[in-house]
Structures are given as C-alpha cells and as structure tokens.
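Trainee: Protein chains in written order, with our numbering: chain V, 1 to 261; chain F, 1 to 249; chain C, 1 to 299; chain A, 1 to 299.
Simulated from the structure, these hints should not be mistaken for laboratory data.
Mixed in with the good hints there might be a few duds.
Calculated lysine-lysine pairs in the DSSO-like style (CA-CA distance at most 30 Å, straight line) [stated by the list, open to error]:
id, chain 1, residue 1, chain 2, residue 2
1, F, 84, V, 65
2, C, 147, C, 268
3, C, 34, C, 178
4, C, 82, C, 178
5, A, 178, C, 175
6, A, 268, C, 178
7, V, 144, C, 147
8, A, 34, C, 175
9, C, 268, A, 268
10, V, 144, F, 61
11, C, 34, A, 175
12, C, 34, A, 268
13, A, 178, A, 34
14, C, 175, A, 175
15, A, 268, C, 175
16, C, 82, V, 144
17, A, 34, C, 268
18, F, 84, A, 82
19, F, 153, F, 84
20, C, 178, A, 175
Chain A is nowhere near these chain C residues, computed Cβ spacing over 10 Å in every case [as the list claims (entries may be wrong)]:
id, residue
21, 4
22, 9
23, 24
24, 113
25, 133
26, 220
Don't be surprised by glycine CBs; every beta carbon is placed ideally from N, CA and C.
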Amino acid sequence: MIHIDQYAYANRLRAVHPGEKLAFAAITAGICLASPSLIGQLAILMTMAAATVAIVGIPWRFYLKLMLVPAAFLLAGIVTVAVSFSSQPDPGLHGIDLWGFAVGIRDRDFVVASSLVARSLGTVSCLYFLSLSTPMVEIIGVLKRCRVPAVLVELMTIIYRFIFVLMETTRQIHTAQVSRLGYHSLSASYRDLGQLTSCLFHRSMLKSQMLFVTLSSRCYSGEIRVLEPRRRLSLRRGLLIGGIDAVLLAVALATRGWQRW
Amino acid sequence: MSRKLLGALGWFGLVALLSPGQAYAMHIMEGFLPAPHAILWAIVTLPFLVAGLRSIQNTVKEAPHLKMLLGLAGAFVFVLSALKLPSVTGSCSHPTGVGLGTILFRPAAMSVLGIIVLFFQAVLLAHGGLTTLGANTFSMAVVGPFVSYGLYKGSCRLGAPLAVAVFLAAALGDLATYVTTSAQLALAFPAQTGGFWESFVKFNAIFAVTQVPLAIGEGLLTVVVFNLLSVYSRGELRDLSIPVREVRA
Amino acid sequence: MVGPILEVVDVHFAYPDGTQALAGMSLTIERGSKVVFLGPNGAGKTTLFLQLNGILRPSQGVVRFDGNDLRYDRRSLMELRKNVGIVFQDPDSQIFSASVLQDISFGPFNLGMSEEEVRGRVQGALAAVGIESIADRPTHFLSLGQKKRVAIAGVLAMEPQVIIFDEPTSSLDPKTAKQLLILLDDISRDGKTVVISTHDVDIAYSWADRVYVLESGRVADAGTPQEIFLDEAMLERVDLTQPWIVDVWRELRDNGYLPPNALLPRTKSALLALIRSRLCHSFRITDLVSERAAINERG
Amino acid sequence: MVGPILEVVDVHFAYPDGTQALAGMSLTIERGSKVVFLGPNGAGKTTLFLQLNGILRPSQGVVRFDGNDLRYDRRSLMELRKNVGIVFQDPDSQIFSASVLQDISFGPFNLGMSEEEVRGRVQGALAAVGIESIADRPTHFLSLGQKKRVAIAGVLAMEPQVIIFDEPTSSLDPKTAKQLLILLDDISRDGKTVVISTHDVDIAYSWADRVYVLESGRVADAGTPQEIFLDEAMLERVDLTQPWIVDVWRELRDNGYLPPNALLPRTKSALLALIRSRLCHSFRITDLVSERAAINERG
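Extracted from the complex, chain V is given alone in its bound form:
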C-alpha cells in the first residue's frame, strides 16, 4: 500500500491534470468492460501496462507484482466459472472422473473464463494506471468537481489522512507487544490483537476529539473548504487520450467475432 501511494506522489505524470488521467483510465476501463472482444481486452491490457511502465515510470518488476495481487481471487473465480461437474457422463465436459462425478470444462465456459481473465486484467490495468499516477488527494478533488456530496468528500479527506496516522499507531503498538513477547501462541494472538484493536479504537476516538478542538481553533464551523492544486488541462493530451481510446475501441469492434471459434 505504501508503494502505490508513494508512486502516486512521485511519478512522471504527477503534474498532469488529474481529470485527464481519470478520464483516460475510466474511458478505457469502460471500453474494456463493454468490449465483446478478447483481442480488444488484451490490447487494452498491453496499452495500459506499457503506458504505466513507460510513461508513468513505474518499475516493471513492481508492476508485475502488483498484477499478482488479485491473482487469488481471479484464480478462484475463473475456476469456479469454468469447471463444471455432472453426476452423469457428459460428452460436453472435457475432464476427468472424480468419485463418480464427471468434472471438467465445457467449451462455452472455457471461452467465458478466458474472456473473463482478459477483461479483468484489462480493467485492472486501467485502475493501476490511475492509482499509480494520481495522488489520492487529487482524485478526491476530481470527485468534488463531479458534484459528489460535500460530506462524502470531507470524510474521504479526513479518512485518507488518518489512515496513515492510525497505521503508524498500530505499528507502534504491535512493535511494543512483540518486544514483550506478544503473539506467541494462537490464543495469545487473539488476546493481543483484541487488545491492539481496542487500544486503537480508544486512540481513534481521542484523536477525533483532539482534531475537533484543533480545527475549531482554526474557525471550523461545520464545513471543510480547501484549495485544490492548479493543474492545466492540455488539449494535446486530450487529443492523445481520445486517439488512443478510439484505436482501442476500433480494435475491440473489429475483432468482436473472433473468439467464437
């Protein structure tokens, strides 16, 4: 988590208007999600991965590792979609016999599953482009301009900030527990984690009271207004985004029939 957040603040597209990056990620993700074509989805995956590594400047090793994060879900998900079982012999099922069941994959499900992998990873690559190139504060700023309710935006601002404060508190408490031999057995682990959690809750509530006091001393009266960084929209980049997405869309449409082999 530290890493994604770190790259968001230190990458080659940092100064680019967040709206452009968000639009690029969102439109591409939209094409990917709506695309009926496996080739189109793979094209999106390749384009976004290349953009993230070559243009945003994310080390490819880290990028690959990040791609493995949803692997557990993806594997479990596609296996569940792809694999069927039947108590009667079923000629449509390519597979093995297990404890009297026919277990295997049907043609149609294989197609569905492979398309699912391409679509998911394609959309994931869009998400990563956004999250690795755009600081959360600026994403929240765009949401605000998109008329997301003020309370939600304000809460997001505070939550984002205090995630890091509470993470640090958690780390300190955990370290203190471990240095006095905490977590040495399963039952001790539950006891100690419970203690950590309740301590963290207590500290969170105290922090919220303190925060109210400190903000009140700066004239807080129910509303949180803040500056957004000034970033210029660029027509050139806008056209580039439009061009890339147009090509991706064209690829998706042109290759639409291919997977019904």
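Once you have looked at the hints, place chains F, C and A on chain V.
Mentor: Coordinates of chains F, C and A only, in the frame set by chain V:
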C-alpha cells in the same frame, strides 16, 4: 442434489487450499463483473448510500464534531480491515471490520464509511475494484451491516449474553457478506446446465472453505475487543450509545 | 500598539471528569511581547491556551481580548479565533489533510476569503515558515519538524495577532529546535504576540520577554526572565531548575569574579563573552602570576 | 561480568518504503555500562534499537547478544527479547492494556510464568519504579510521567539484562525528568546494562559511561563523554551543541582561570564547586583588590 453438493464442496475445497495464500476479505476484483451487472449493483446500492449520507448530514449539522468522529471511525475501519487475523493454517487473512464497525457506528454510517473504505482499498491496496464498487458496497456495506445489526439487536432483545450477540453479529455479518458476493457472482455467471443455483452453490462452496474460518476468527476477535471496550472505554461507548454490560468471552 | 492584548482574570475551570485545571488564574499578555509559560505537566498550560482561544469557557472569571470580555456566541468566537491562533503540540492531531496546501488553506477559507485571497495567504505562510519546497508532498511523508512547520503555516495563514505554541520544541532534535526558535523570533519581529509553553528553562530564560510560572492551575510567579530565575526559593518550590546561565553567572559573581553589580547575560554566547572579557582582561591567572612575581621581585 | 553484551557488526537495513535507516553500523555495548545514543531525528537510533531486540532483521551484517549471532526463529527471539527490553518513547503506544496491573503482567505471563510468580514480578516492578499507589488505576487516566513509569515497570518485570530507553525524558517536565534519570541510575546500579537515546547533550554528558553519536545510519563517533564532547569539529559536523559544562569549563580554562591540566567536571554541581574552590580561593576580586591596594601602597 446433496451428493452433488458434497462433491462440489470436496472439489472446491481442494481448489481453495491450492489457491495462493493472501485471502483478503473477498471483494469482487476490478473488471470481474460484466458492465450491466456492475451498473445494476451501483444503482441498487445508491439509495442506501443516499439514505446513509442524509442521516450523516443531519447529525453533522446538529453536532459538527461528528464529522471528525466519523472520519476517524472510517480510518479505524480501514486499518482494522488491514490487520492480519491470527490463523491456525498460517495463511494470511484479514477481518472485514463489518461487525465491529456496525455495532460501534450503526448501519447507516457504515454504508457511507464502507464505500469510502472500499474505494481506498481499491485504489491504495489494489484490492477490490472501482467498476465493482457498487456490488462490493452492496454486500459489505449494506447487507453485512444490516445482518450484523439485526442479529445484534435481535439477540440482545432475546436476552442472549452480549458475547453471543457480538459473536453472531460479527461472524454472521461476515458470512452474509460472502453469501451476497456469491449470489452476485452467480447472477453474473450462471452455470450452463444448473443456472443460477448451481453457480451459487459453486461460489458459496469455494468461499465457504476460505471464509468460514475467517468469519469465526473475526467473530472471536470482535468478542475480545468488545469485552475490553465495555470494561475500559465505557465513556466512548456511551457517547456512541451502546449498551454497556460486561461480556464474557 | 502597546497595552494588554489578552487578559485572564481569576479564571476557574474544571473538566467534566472533575479535574480542577484552572483555579483562579490571572495574567496579562502585552501586545507584541514574547511570553513563556513554564510549569510541570498538569499545571494548566494547555487548558489556559484553550481558554485564550475560546475553545473552553471559564466556569468563573473572565478572559479579555483587546480589552473586551470574551463572548461565546459563534460570531464573537470566530472573531477571537481569527486573532488568536494555537499551534498544538502534536501536529498529527492538527493536520487534517494529506495535502499541505489544503491543510494551510483551511483557516483562511473559514474566514470567508475568496479562493484568490486564500491562495495568496497560503503562499505567504509557506514562504514564512520556509516549506515551499515540500508543498507538494503528502503530509504523511513529512518529518516531525516539517509537520510542525505545516501546522504553524496553517495558523499563520489566518494572520492572527497572537500565536500560541504548545511545546513547540518537544521531541525535536537540537538543530530542528533551534531553527524553530528562530522562526518564532521572525514571527515576533513581524509584530505578532508570541506565547509558548516549554519545559526547557534555558530556552525560557534566553527567549522570553516575560515568564509566567504556573502551578496547579494558578500563576505561581510572573516577571522578566531575570526576575523569575533569580528567585531561587520560588524555583525550588515549583521544582524548576535554574538556567545554566544564571547558575554559572551567580557562582562567578558570588565568588568575586564579577563585580556585584554585573549584569546577568541573556544568552550562552553573551555569558561566554563575559567570561572572556570582563573577568579576564584584568584578572587572568597568567597576569596574576606575573603580577605576583613583580610583587615578589620588588618585595 | 565484563565484556560485550551486545555487538552490532556492519549492519545495513532499509525500510520497505526505501529509506536506508542503517548503513553499515557497528558498535559494542559493554555489560553493565550506561550508554547514550545521540543524533538527529532520522539518524537511525530507533531502528537500531529494534534491531537489538530482534524486531527488525539486518539486510546485511550481524547482531550479537552475549557473543552469539542472533537467530530469528521463534525460540531464539523469545530468549533475546526476554533479555533485551525496550521502553519506547511514547508510552501511549507501549501501554496497550487498560489497567496498570494488567499491562505490567503482560511480559511475565508471556514468559510462561505461573500466576504466583507473575504477581511477584509485578509487585517488584511496581516497587522499583515507585508506583505501587496507582497499581489499580486504568492506564488512560495517568499523567505522562506515570505512564512512562508504567511502561518501564512493564519491561523491568521481565527482568532483562539490557534495558533500552528511547528518549526517556522527552516531553517531561524537569522534575519528572530528573526523577526518571535517578530511576535509570537505580536500574544501572542493579547490574543491568542501560542504553538510552536522547537529544539532550547535557544529560548525555553527565549520565553516560559511553556515548555513541549516530548520523545517517552510521556511527559518526564513539567514546567517553569527555572524548566526544571535546571534539568540537565533529560536534559541529553533526549539528550537536556542546554541553554547558564543557563550554563553561573550556572558556574558563582557555582564559587562564583554570590550570591547563584541570579535569573536566562531570556534573553541574561539580563545575560550580570547581568555580568556588579552585579558582576562587586564590584569585577572587576582593583579594585582588586588596592585593593591588597593597602594591599601590608600597609603590
């Protein structure tokens, strides 16, 4: 049918055990749902979100300090969901924070905090996704809290010991989240022969193996936490209007 | 421009849990002065500061700003807080946004300024505390010293007349602490009234125009640093140590190395210079030895 | 009983976010000694301490306890942490239990002791730090000084051979800080090895047997307090100020008030006594004045 179910459980148990370790609370990953489903779930979730926001707006107007309290509560739930649950198998799993969050901060607030937490998880942790935010919010921030709170209130009313109420709320709130997720996936990917139900059973089976121990773990943790809170943080709990009675774990 | 800017008259205050934090405290802060509050943890420093800013309200007694009794309606409080800012000890409970820019802009926006004005204020505050270069960094990657500066900028941007710092140098390493004190001097030179609390008697002695010693919610003593730190009996009573300068100076004077009317120096370097100059030119050992030799010769 | 108890040999360590916290650090801590670590925030003090306790593991280099390389399996770590305790800077993070008794018993219980033994250990620790009277209080109503003592008791109750204190006196008022230093002396007198980090050069100078100066993850200098604090060039380089004692003593000596071979005193009172005795008996102003008068008369 029951033989079939048994077979499914066996097979998917095997798959689940072989699948790689890091089991975060099971949110549907980015891009996994087809567009119509993603949009549908976003629409279904919207009224709950609006209701939650409205209730928050009203309370914040009366008491501006609640904004800071909710902010810290949200950060707390996020950090809670990033903790590692102690596990026997050595695999790494995380609580959802649904049960504890709901009992402490109420279901209405949880729907709002939940969507923010899920949003941050997607962007900062690459866990879950933005196109599936609607579906995940529905399961984790609407159904989960609703079930948790219902069970908590219900069992308190029926005179169950608080520990039991808290355990049921946390563990079953957790499970309800997964069952909902399974249903969402089964709706999106019905089996060719057995349709929604076969697929639902398949998804549930695979999640049951990974998530039931996790739900029990989260239930236990929540009881331990609640026990400590009800002894030493009475003040805070009173401010959040929670009945203060000692829990026996 | 002279005269009291803040006055506290016989203020009593108890927290809901029963702790009597202020028990008849009275004091006056002069406009443009540099005031230090000393006293053990729990003496009431932070509670006093929250009173000066209208966050807490006396259960008895009066707080005055600019000659007028504080009123606690929203408008009056906004006016007061615009003029009296507090920089709290822990920047992690003062900085609410991950963005430096956003955090500093919070106060000015609350004063009802336009975005353009706020931008100007924020730039000014960033420059004043010297953190323009980190304005783009998220607050969770900043060091403690940098976070303290962000917190200070957040208050400076409101351009208050009085700025209160609750233990500004605590947990800072000596270099960072020194830089922060220089920043406080800059702020004071700008015409603002600067109030700090500290546990460091050396800082208090060298930095303050006026020192208040608090003890159990009351003012135990008040005066210029010289007056305060020469009152050994009082210092002993409230468990404060003497600043090094005073200790060494007194020892030198009492033992006849300084004339009885020697002035107490304010800084370490002034003390060392005193040792070098005043004492030495006439009475250094080597001189004395030769003087003796001369006497003996003549004798 | 002599010889090194902890050794750090060319240890490197970087945090996951990329910060290189230790960059080839090597040092030796003698059994029973009082060691002080100085250095700016971020120099690697806390990271070093976490290495000594096995919480962090070197990416390169070796840490040795009692002559044996640390191993990082569960059993070895338990054994190490039983013998090397850390008292962290912020007691709020160290005291995670809600009651004083519960918190102090945490370590002993984890050592697998019977309830009877634990009770004994807890009583002993309470008495050692002098907080028997608050044993039954919930932890979050304690003062900072009390919390620090509870945190120390929690480590003492495990009866480690080495106790490490991360900035024990930070944020404490002078009286509480002084009491805490006395407590550290008591612990040292009990035969334990005591290691502290601090920003206060005066404390470092007066208290330590041996001082390590850290800078950017390396040892910049090490030696007795006298060796360290007479090395002006090094102190300047790492932005450390000189302790008052050294400054005043040097000024007095360089200006001929002390013989060139005068010993550097260790404590403030020793310095003041030096001023009183060594200088004064022969050369006080009054004497000199009368001596001059005598000369003039004779002249």
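Trainee: May I ask which of the numbered hints given earlier this structure violates, with the numbers listed in increasing order?
Mentor: Every hint satisfied by this model.
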